[in-house]
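Next come the chains, spelled out residue by residue.
Protein chains: 2
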Amino acid sequence: MSITKPSLPKGTRDFSPQEMVKRNYIFDTIKTVFKKYGYAEIQTPSMENLQTLTGKYGDEGDKLIFKVLNSGDYLKEAERRKTKDQSFEYNAKNLLTLISEKALRYDLTVPFARYVVMHQSEISFPFKRFQVQPVWRADRPQKGRYREFYQCDADVVGSPSLLNEAEFILIYHEALTNLGLKDFNIKINNRKILSGIAEIIGKPELIVDMTVAIDKLDKIGFEGVTKELIERGFTNEDIQKLEPVIMLKGSNDEKLESLKNVLANSEIGLKGVAEIERVFDYVAKLTSSISHLTSSIELDITLARGLNYYTGCIFEVKTNEVAMGSIGGGGRYDDLTGMFGLKDLTGVGISFGADRIYDVLEELNLFPASAAQGTKVLISNFDEAAELYALPILQQLRTANISAELYPSSAKLKKQMSYADDKNIPFVILIGGDEIESGLLTLKNMHSGNQQKLDITTIITQLKQA
Amino acid sequence: MSITKPSLPKGTRDFSPQEMVKRNYIFDTIKTVFKKYGYAEIQTPSMENLQTLTGKYGDEGDKLIFKVLNSGDYLKEAERRKTKDQSFEYNAKNLLTLISEKALRYDLTVPFARYVVMHQSEISFPFKRFQVQPVWRADRPQKGRYREFYQCDADVVGSPSLLNEAEFILIYHEALTNLGLKDFNIKINNRKILSGIAEIIGKPELIVDMTVAIDKLDKIGFEGVTKELIERGFTNEDIQKLEPVIMLKGSNDEKLESLKNVLANSEIGLKGVAEIERVFDYVAKLTSSISHLTSSIELDITLARGLNYYTGCIFEVKTNEVAMGSIGGGGRYDDLTGMFGLKDLTGVGISFGADRIYDVLEELNLFPASAAQGTKVLISNFDEAAELYALPILQQLRTANISAELYPSSAKLKKQMSYADDKNIPFVILIGGDEIESGLLTLKNMHSGNQQKLDITTIITQLKQA
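Chains A and B supply the protein sequences, listed in that same order.
Position 422, counted from 1, in the first sequence is what the working numbering calls 422; the numbers after and before it change by one each time, with no gaps.
Position 333, counted from 1, in the second sequence is what the working numbering calls 333; the numbers after and before it change by one each time, with no gaps.
Hint data in this document are derived by calculation from the structure and do not stem from the laboratory.
Don't take each hint at face value.
To be verified - Derived DSSO-like pairs (lysine-lysine); straight-line CA-CA distance at most 27 Å:
| id | chain 1 | residue 1 | chain 2 | residue 2 |
| --- | --- | --- | --- | --- |
| 1 | B | Lys203 | B | Lys241 |
| 2 | B | Lys187 | B | Lys285 |
| 3 | B | Lys412 | A | Lys35 |
| 4 | A | Lys5 | B | Lys453 |
| 5 | A | Lys423 | B | Lys63 |
| 6 | A | Lys10 | B | Lys63 |
| 7 | A | Lys63 | B | Lys203 |
| 8 | B | Lys241 | A | Lys464 |
| 9 | B | Lys241 | A | Lys415 |
| 10 | B | Lys5 | A | Lys285 |
| 11 | A | Lys376 | A | Lys343 |
| 12 | A | Lys423 | A | Lys444 |
| 13 | A | Lys63 | A | Lys31 |
| 14 | A | Lys343 | B | Lys5 |
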C-alpha cells in the first residue's frame, strides 16, 4: 500500500459528531411532523438507470448528473465494437455511451415518480410518502452549495383535494415552529393565476418570460422588472396592465378580491383564485380551535418557482430572522408519473432545505443543549484498582439507560478532563482511594465545577433528572 | 420527454413504508446501544477520491469499486491530450484514467481512517465513533447480496485497552437481546494465537493458508481441512501437531488452559491467550452485578475472518435460531491509519449485518407491532358537511401527538376502509349525520371490528393508551 495524503472530492463534506447530532435533530423534528400528518417513509437506491434520469431536468440539469461507470469489463464492449465495426469512431463520447448506464440520483422527485409507477399495484392511493436522502449534482461548488446534499421531501399522489395543500402549510408551520423559528413567511401562489394574468394581457405564449421577470421584483424593483419585460417582448401597454397585479398590496383577502376583478375574463385565472381561497378556508377550519398561524401565510403573485411541472398551488418559505434564501418550497403537479407511462395521477409536495435551516438555527443559536450531548457521564480512571472498582458501576449506569464511559486507561487526570470537555460530557465521576473505601463517589458537574460525594444510587437519580 | 418504462439497476432495491419502519427499528435499536456506550455518529461523503480507495481492498476489491465519471467537460482533457501528444493511445483504458477521479464508498472503514487522519487535530482521542451509511460494491447480485447495502459500524481508535473489546461483546449482547434474539453465539479469537500456532508447527509463512483452511472446519469437517492443508503445503506431521488445537473442546477456560500448554514456546501465542483472558475478565467484572451473558461467548480457534489488517482479537456473531451466515463481526487492527500517513494508531471495531438481521427478525416474527404502524387513526369522509365537521377534530388529534389523517375525498366507505387496512391504521373515526348531531363519534377498532360512540376527549385518551 502506498501512502496517500487524504483529501475529499470538492463539494463534499464530512459530518463530525457535533454536526451529526444537530443534523439529526433537524431531520427528526421534520420527520415527526410528517408522520403526524400520515406520511410514511420510503427510500430509493442512490443509483438509477441513466434513462430514468436523462431528459427530466432540462439540458442544463442533464449535464449536472453524475454518471457511474459500468463495473467489471466495461472496456470489453467498447473493444468488441471497434473490432466488429470499422466505422465506429473510437472517441471519448462514443465510448462513454457504452461504459455508463447508471447515474446518481439528482433529486428525490423523479425517483419517487419511478417508484410510484413500478409499485402502483402494491400502493393504496392516495399515497403519502416522505423521503430524506442525499442527492448529487455536479454544480460548481460554492458557499452553501454542495455536490452531495440531503433533500427532505413529502409528497402525496392520487388526491386532487386541496386539503393536502392546506396540510402542507400546517406541516411547514409546525415543523419550523418546533425547530424554534418565530418569524417566517409561507408564501403561496397558483400557477393558474399566472396563466390567467398572461392570458388577460394577451400574451399567453410569453408566460415563462413574464414569470421569470416578475419573480425578480424583490431583488431589482419594479423599474428593473419593467426593463426586463420590455427586453423579453412586452410592450409598455402590457406593462401598464401588469403593474396593478404585480404591485398588489394589502391582506390576502384584499389581494384575492383585486385578482377576481383583474381576472374576471380568465376562466383559468379565476380557477386559480378559487383554489387559493379553498386552501385558506381549509387552513382556517383546521386551526380554528388551536392557534393563529394565518399571519405568516402570504399570497405572493410574484412567486413563480420552477414552472416546468407545477400546475396548481406553489409554495415557498422564507425566514425573516436571518438573511437567507428560501428554506422550503413545493407545489402541485398534475402529471408527474406521465413520463413513466402512468397518466392522470396528480400530486403535490413540499421540500425542506435542511442545509439552510441548519445555518439559520446555528446563527440564531436555536439548537437545544440536548442536541449537543452524547455521553452523559465519564468515569475517571486513576489506576488498576480504581478501574476494577469502576467496572460494575459503569454497567449499572448503562442499565439505568444513562450513556456512560470509563476512560480506558489511567492517563493524567488533566487529559481525562479535557476528553470530557471536548466531548461535551456534562458529568464526571471521580474514583480514588477515599471513594473506594467509603463507597461515596465524587460527582463533578463540568459546567459549574461543583463536586459532591454521593453513593451510586443517588448519582443515578441525579443524572436521570439532570 | 419520451416515455421510459421504469426499472432499477440490478442489485439495488426500493424500500417501501413497511420495510422502512422495520429497517429503522433495527438501526435505531443498535444506535441507541452504541450511544449508551459513548459512541458518537459521524457521516462521510458517498464519493471519495479514487486514490483514497484504490489499493485498500486487494486486487479483487479494486475491481468491485464503482467509479464515478468526472462532471462537466470530461472529454476536453482527453482530446487535449490527443492533440498535444501523438503517441497518446486513444483507447478506452487511457481515457478512463482521465475521466474518472472519484468512486463510491466500498466500506465504512477506509473512509473512517481517512476521516481520522484529516481531522486528527480536532479529534480528542480515544475517538469512539459509529457510522450507519450505504456502501456500493459491483459484486454479482444474488439472493441476499446487493450492490447497495447499509453498513452499521462502531470503532474506537487511539486506545489499546482491552476494555474496548469487552464492551463490544456487551454491545453485541445488548443490541441483539433488545432486538428479541435469544440464542446467539459471540465467537472470539485472537490473531496472535493463530500466529503462535503457525510458529509452533514451524510454518509461520503459511499462516494465511492455515487459517483459510481451518476456517472451513464447520463446513467440510476435519477430513476436508486435512486435505486442504496438504494441498496448501503442510505435512502429515504438521497436521498431527495442529489436530489437538483445531479440535479443541470444552469450556472457554479449558480451551485457554490447553492453548497455554500448546503455545508454551510461542511468545506471541501466549500474548494472544493473555489478551483473550483479559477480555473475559473485563466482561465478567462488568456483568457481575447484572446478568449472565457469558454463556453466549465462545472462544473459537478456527475463527479467522479477513486477516489482512486484524492484529489482535477478532469477533463473529451467529444466531442459532435461523440458518444464516454471520450477523456481525470485527476485530482489532494496529495500524489502519498508516495507509494515510498517521502511524501507530490502534483501533478496534465491530459491524452489524443489518440485512441479515432483518431476515432473521422477519423469519422469527420478532418485529414488534409498533414497528409496523404509522398513522394511528383515519377519519372517514362521507360528504362535505362531515369533512367540515372533521377538520378541527383532525387537528385536535394531532395536537395531542396522535398521528392522524382525514381521507381527502368522500370516496366509497369500502375504499376508505381498505385504505386504512393497507396502511395498517388500527383505528377509524366514522362521522355521519348522527355523529354530527350528537357530538359522539364512532370509533372503530380495525382489528377487533368493535365500534363505540364516544366524545373526542375520550377518543384521544383511548388512542393515547392504545
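So, going through the hints one by one against the coordinates:
1. B:Lys203 x B:Lys241: 12 Å, holds
2. B:Lys187 x B:Lys285: Holds: lysine 187 of chain B and lysine 285 of chain B sit about 19 Å apart, inside 27 Å.
3. B:Lys412 x A:Lys35: 25 Å, holds
4. A:Lys5 x B:Lys453: Roughly 70 Å separates the two Cα atoms, so the pair is violated.
5. A:Lys423 x B:Lys63: 39 Å, violated
6. A:Lys10 x B:Lys63: 24 Å, holds
7. A:Lys63 x B:Lys203: 58 Å, violated
8. B:Lys241 x A:Lys464: With Cα atoms ~56 Å apart, lysine 241 of chain B and lysine 464 of chain A exceed 27 Å; violated.
9. B:Lys241 x A:Lys415: Violated: lysine 241 of chain B and lysine 415 of chain A sit about 48 Å apart, past 27 Å.
10. B:Lys5 x A:Lys285: With Cα atoms ~42 Å apart, lysine 5 of chain B and lysine 285 of chain A exceed 27 Å; violated.
11. A:Lys376 x A:Lys343: With a Cα-Cα distance of about 54 Å, the restraint between lysine 376 of chain A and lysine 343 of chain A is violated, given a limit of 27 Å.
12. A:Lys423 x A:Lys444: 15 Å, holds
13. A:Lys63 x A:Lys31: Not satisfied, since the Cα-Cα distance of roughly 32 Å exceeds 27 Å.
14. A:Lys343 x B:Lys5: OK: lysine 343 of chain A and lysine 5 of chain B at ~13 Å, within 27 Å.
Hints 4, 5, 7, 8, 9, 10, 11, 13 from the list above are not met by this structure, while the remaining hints are.
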